[in-house]
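Number of protein chains: 2
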Amino acid sequence: MAVGLGPLPTLHPVPGFELGIASAGIKRPGRKDVVVMRCAEGSSVAGVFTLNAFCAAPVILSKQRVQGTVRYLLTNTGNANAGTGAPGLAAAERTCAKLAALAGVPAESVLPFSTGVIGEPLPVEKIEGALQAALDNLSENHWAEAATGIMTTDTLPKGASRQFQHDGVTVTVTGISKGAGMIRPNMATMLGYIATDAKVAPAVLKDLMLDGANKSFNRITIDGDTSTNDCCMLIATGKANLPEVTEASGALFEALKKAVFEVCMEVAQAIVRDGEGATKFVTVQVNGGGNHQECLDVGYAVAHSPLIKTALFASDPNWGRILAAVGRAGVPELDVSLIDVYLDSVCIASQGGRSPSYTEAQGSAVMAQEEITIRIELGRGACSETIWTTDLSHEYVKINAEYRT
Amino acid sequence: MAVGLGPLPTLHPVPGFELGIASAGIKRPGRKDVVVMRCAEGSSVAGVFTLNAFCAAPVILSKQRVQGTVRYLLTNTGNANAGTGAPGLAAAERTCAKLAALAGVPAESVLPFSTGVIGEPLPVEKIEGALQAALDNLSENHWAEAATGIMTTDTLPKGASRQFQHDGVTVTVTGISKGAGMIRPNMATMLGYIATDAKVAPAVLKDLMLDGANKSFNRITIDGDTSTNDCCMLIATGKANLPEVTEASGALFEALKKAVFEVCMEVAQAIVRDGEGATKFVTVQVNGGGNHQECLDVGYAVAHSPLIKTALFASDPNWGRILAAVGRAGVPELDVSLIDVYLDSVCIASQGGRSPSYTEAQGSAVMAQEEITIRIELGRGACSETIWTTDLSHEYVKINAEYRT
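These protein sequence lines are chains A and B, in that order. The numbering used here puts the first residue of the first sequence at 1, with every later residue one more than the last. The numbering used here puts the first residue of the second sequence at 1, with every later residue one more than the last.
Since the hints were made in silico from the structure, they are not lab data. Each residue gets a CB set at the ideal place from its N, CA and C atoms; glycine is no exception. Everything hinted at is true.
Straight-line alpha carbon distances no greater than 25 Å define the calculated SDA-like cross-link-like pairs of lysine to any residue that follow:
| # | chain 1 | residue 1 | chain 2 | residue 2 |
| --- | --- | --- | --- | --- |
| 1 | B | Lys258 | B | His12 |
| 2 | A | Lys257 | A | Gly42 |
| 3 | B | Lys27 | A | Ala314 |
| 4 | B | Lys398 | A | Ala368 |
Computed beta-carbon distance windows for the label pairs:
| # | chain 1 | residue 1 | chain 2 | residue 2 | range |
| --- | --- | --- | --- | --- | --- |
| 5 | A | Lys63 | B | Gly4 | 41 to 51 Å |
| 6 | A | Thr386 | B | Glu360 | 40 to 50 Å |
| 7 | B | Arg28 | A | Pro9 | 50 to 60 Å |
| 8 | A | Ile60 | B | Asn291 | 24 to 34 Å |
On the chain B side, residues computed to face chain A include the following (Cβ under 10 Å):
| # | residue |
| --- | --- |
| 9 | Ala80 |
| 10 | Arg354 |
| 11 | Leu392 |
Full structure from sequences and hints, please.
Here you go:
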């Protein structure tokens, strides 16, 4: 059902960053459900993590350990190790310690990531049993395999890659992501891993990660549910033969920032395109806000409205539901007579009511498309925000009534 | 599909309040879609109205006119007269003026109410053509007919009635409501009309209406979408042979307040029981909050979560999704180790994880019921709030993908 999401693009290897996959049989025998990533010595690593108060054990551990030296990222699917209390934390520590022992690095340099069912004990032995195979499988060429290995209800793997030249040196930024439901990231997506061979100091890398995530992962929503396990990691191996990138690096900094942002955006939007039961890819653009928060309030009111989402599923240009959602978004002293609403370039509502020029045929033509932009002009100021979301289909209910998150 | 909602209970007539229905053929020929209510001379009337900024033309007019003398309430279904701008306001005024002329009262004493499709022009002539028939049909005994006349996607009419004795005089409170989707009232429900024959001054009646609505209509949610047309009206005809009720009236005031609240609660909960596609009636009770707002934030995060709602539909005790929703509700410095979560009397989670005593069989037994209470103990203070909601079913998607609100 993925909307406009094709096979994986070419994912350029990132020198100094290797990926290995293996099968622990967590949910199904034979499924590749363990992914190990190795960062070359000297790599910088930055991360953003869910703001959900019930954050999962691996999130707690990774948030601490990312402050120090990071050498390995250990990801399992099929079990989120969330809502598991102190035993969950101990379980995450055990899997990391086992990997560290096999790889000959300190336990604190291994960061755990889990996604899948909430509240079930992590099958530690199964994961431990798969670690050597994952290490043996490590290769800079295994991005595509890893993108598949981190999938849960995803129907397609998600990845993006950019390269640019600087002083005759090629710099690569490659990333993968997963997540199709329980998606309203708040600081990060379900899981995202982005690596570059640029050399970047940790503080600068952290800013690049925050900037990149803020307008991409933090602007997508499928069902409004912020996961307990959201994490996005940015790794800089420093293997490209270039000086360290700082904010004073000029063109190099700008090119890297652009590449990181584009990879973030492509893999974040891929999550929406593969949203559970999605039949539409919807851009909600709010312009003319007095501040950014009110643009976001309006955007999320529209993006989360079950009535708008079902109308999108039905390809029904039910613009009244859009007005109703804008009206209930809680914007103080909203003057509806200043508001215009567009479906793509078709003005459907103006001055608080149906646009005089609007015809149902125009609206239906836009709604029949797989990709739709709902644009709301608030007429209150100069701020804008954009959010990406999906429709709400029979398939969403089916998936979530049958799948144990 | 209504959950635990049977045929209408006995709706006792309220002396001085008459109801008449007629067919204007707005959406379907022959459907009773116009309801006229007459308040005896000297009645007090109070109302609560939607806070949606895109409130409908009839809401704008009724909010103004309820300040003055009210004699008639004119309701149509099939068209919400919302998102219709200045022409919509003129259309609402025209239908009221026509009714006023036929009834021989000032136009300002007629309050309009509309529910149905948003954004289509109100079919003024059709409504005008039905007004004489509605007037001819006026009777104190037509509550049940009116409850049916105000339905849209409702599958059953909704009403409740209470009587009490004071000084040998019987006082009656009877109410009806409608609404099954676009339900997250904010000051009122879709449409509710409650009448009593007690004599109550407007200021006191307003307080009774606010008190009654606040813990009933304002605590129900089906899909989180606040309608453009929500209104609830409370009419006191003063025909019961008793002194005027004030807050100093002691037992009489308390009895009236209790009866109004019970009628509000019964017709508000009836809306949830008849929620679009509802197969469950779910009470979300949040206790131990530091303040009321954080209880509501947690309650609505749970009640609006599509993942919890689909799990309820599937009768799946997926308690991890409940923890995840509590964790993302935005409560500051939430200590998850203090939180307990119950399904009815079964403790499913404690101290941030699965309860040691919990078994899947216990959870499944509760979830198999039609009526379920999710109780969340925050362990932060003494405040509580309760919200009523439904599950999210295939039928909800079907109804809203096919129906033009």
